[in-house]
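Protein chains: 2
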Amino acid sequence: MSKGLPKRSEDYSLWYNELVKRADLAENSPVRGCMVIKPYGYSIWEKMQAQLDKMFKETGHTNAYFPLFIPKSYLSKEASHVEGFAKECAVVTHYRLKNSEDGKGVVVDPDAKLEEELIVRPTSETVIWSTYKNWIQSYRDLPLLVNQWANVVRWEMRTRLFLRTAEFLWQEGHTAHASKQEAIDETVQMMNVYAEFAEKYMAVPVIKGVKSANERFAGAEDTYCIEAMMQDGKALQAGTSHFLGQNFAKAFDVKFATKEGALDYVWGTSWGVSTRLMGALIMAHSDDNGLVLPPKLAPIQVVIVPIYKGDDELDRISDKAKEIIAKLRAKGITVHYDHRDTHKPGWKFAEYELKGVPLRIAMGPRDLENNTIELARRDTLTKETINLNDVEIDAYVEALLEKIQESIYQKALNFRNEMTTEANSWEEFEDLIENKGGFLSAHWDGTTETEEKIKELTKATIRCIPIDQKAEEGKCILSGKPSKGRVLFARAY
Amino acid sequence: MSKGLPKRSEDYSLWYNELVKRADLAENSPVRGCMVIKPYGYSIWEKMQAQLDKMFKETGHTNAYFPLFIPKSYLSKEASHVEGFAKECAVVTHYRLKNSEDGKGVVVDPDAKLEEELIVRPTSETVIWSTYKNWIQSYRDLPLLVNQWANVVRWEMRTRLFLRTAEFLWQEGHTAHASKQEAIDETVQMMNVYAEFAEKYMAVPVIKGVKSANERFAGAEDTYCIEAMMQDGKALQAGTSHFLGQNFAKAFDVKFATKEGALDYVWGTSWGVSTRLMGALIMAHSDDNGLVLPPKLAPIQVVIVPIYKGDDELDRISDKAKEIIAKLRAKGITVHYDHRDTHKPGWKFAEYELKGVPLRIAMGPRDLENNTIELARRDTLTKETINLNDVEIDAYVEALLEKIQESIYQKALNFRNEMTTEANSWEEFEDLIENKGGFLSAHWDGTTETEEKIKELTKATIRCIPIDQKAEEGKCILSGKPSKGRVLFARAY
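These protein sequence lines are chains A and B, in that order. Sequence positions in the first sequence follow numbering that gives the first Met the number 0 and run 0 to 492. Sequence positions in the second sequence follow numbering that gives the first Met the number 0 and run 0 to 492.
In short, the hints are calculated from the structure, not lab data.
Since copy identity is lost for identical chains, a pair holds within one copy or between any two.
Within a straight-line C-alpha distance of at most 20 Å, the following computed PhoX-like cross-link-like pairs (lysine-lysine) qualify:
#, residue 1, residue 2
1, K97, K86
2, K249, K103
3, K97, K76
4, K86, K103
5, K132, K20
Construct the entire structure; sequences and hints are all you get.
Structure, rendered in structure tokens:
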């Protein structure tokens, strides 16, 4: 299978698209810009969901569900929000079809026009804050910590599987608080939850930071984010957490009686990650042979492939394999035993490399004689022969999976560090962005004007002002005006 | 709280609506016909989802995700399907808004009209079978066993929370098979999975059966179903499983190479349950005090309420409560300790009754002295005092929760049996349907004409032809024509 995969180094974009399709992760649907998430891809997303959901619940959030549709007038209630989302949305105008006059199909029934058009949610702040108005009266009703798993639609013109699609799956947290500081703390907490998930589960190192005004969420006072580095030197925004101030509370008139008996607007946050994380996961680790999955998100962690001639040999290998499978499963390791006779071992090896299964165990007749197995790591493509007399196979595999998880992360971290460069002059900046890529740490004068000019000249945007930015006097690389610290630029997905 | 709840016996419909809202299950949204599923309601749905998902995976299915939108022309490809779904659907016609000329809001941008309108999926057979065409070439690709958790939209004119809403959440399984028999077996298997879930988890007894032609899914050859009895004597269809024959394979040209080398159309099934199950769960068991939840689906299985004066007493009760909580949690029991000082014990008792928490433990200072607790069952509203010296509290509570689960089911089953009556003449039928309700087991001549006439005269429909229908010669209660066995009639939700 993988022999047909384009080389990552030759055409990164084509490599990505083909990998997504051939590894059975997703494909384009008949509906423009919408994807089909295939079973194997969806099973990775399910693992992501399960872990994130656990982390949300551990931080006190509960799930709920709000309507798919948003009345058109709601979008306009928060001024900058409508600017951000009205330009690319799916609009429902009618609620019925009827048979066409030629009898060959159906047409929109002009008598079934909605009084007010409905927008398929691009994000749910408006419909949720209109609901919160009824849920919140007093400080006793706060904080309100709600999350929703849902599909959203943004009518993107240029789409790419997982990275940018008209419809995507995501979670959106929407919280309400009695004080500004509590809302800011929540915003930062959720950025940290996302960063922990990216690093510990996806094995993707991220930079935590704050967006510039220009890149802020439409309706937020501040947008916190995590930014990851892909193998082609482009950055990818992997999650955002917004401090909404009192903007949506004011737009939807959500007030509460304070402990002191006054009446005040509620403070809000929202935060989300989406199926875009699948794109980040794929692009951060995979290679010319296919996917490389961190063990914690791999639907199959270990595959066992018997190498045999005839049923008798298969039976004997299977007996041994079953012992190993039982031991591994008892440790909570997901094992798949592929003894199909329709495909040769070599085909299977390539297939599971393409699909990123972290560990492959091969067992042939000689292994039976010697009580050995062959163990192959997907991430390093290295093999070793293990004598089962020498090791406890379950403990060995468990430890190895942990080592692989750590090793994949470390490799990505090393790459990210190599790809993070200080640029101290405009010439250097231009040269680096064009010839090296990656994150450029550079001084900026803090104005949107300069930011946009840099984007125009180089296609690089400010990914974030890092949280741990150290105070450092300097001069803006473009304007030469004073700057108080470096920010991170990159070309980005 | 509960004192405000209308009486079930006086106004069933009002009782249901108020219960759904006051128990924090769901409420109407600002979008016509769409509901907000509130955190407590959603947490019950999550428990349902988790169990169903487990059962689907145990029967070999995997999850995937298909687009929200369906091109209008796809709906028409299966003739009866479009008849069933085109009449009540949300139609997306535009992909952009723009600022209105008066500057006061946004309007649909007439320049952003879609070439082909998109329908928000009412069900996904069409878009899925158009995808299966690319996934299936040979018998080796079969069976294809896929499920999707998703939202769907049907533009219902008269809506009721959970029971009938314009948008609802559901799962839809879509499978493809190499033979007719295998597809029928799958259809029956999934009906059985639904029945097992309803009975063992929801504690709702169901009748398994087949729909009459008139009540069949638009595009199916046969619709299998499970039918439940609500406390007002009306039936509720709780799940359906459709044998699609080769209808969708033909509509979307999905053929496969058979083992023998021939080319044939694929056989299909689809099956689904929705948030409607929440309605069934609520209506099957609840009473004038509020919800009654079977322990297996209760988000909180045990609540502990301390009865105290002052912090010192609370501390001593809390120490004891924590011991009990640790023991119960070690058994996997979900416990909530409500020691809020903002509400009195009596208020809390009513609140947890309203919310259907199966077991309530109360502990006061005298209980501390005597090493006792008071244990109250939600389903029977009975109380007992337990001496902790006499019982292992964790084992006792675990067994009691099982007993409650069984007892709720048995009560519903007894009711269903009482409400199932044989009607042997038209007079008897009319009298029973009007004055008793429930299921009427009666002879029917097998024609749609008679079925529709009975519906017109009595509002009763054929709920199903039971799977275990016994052969019994008889005469149709309305037409007097010959019948080969009894079918089940009822008024239904």
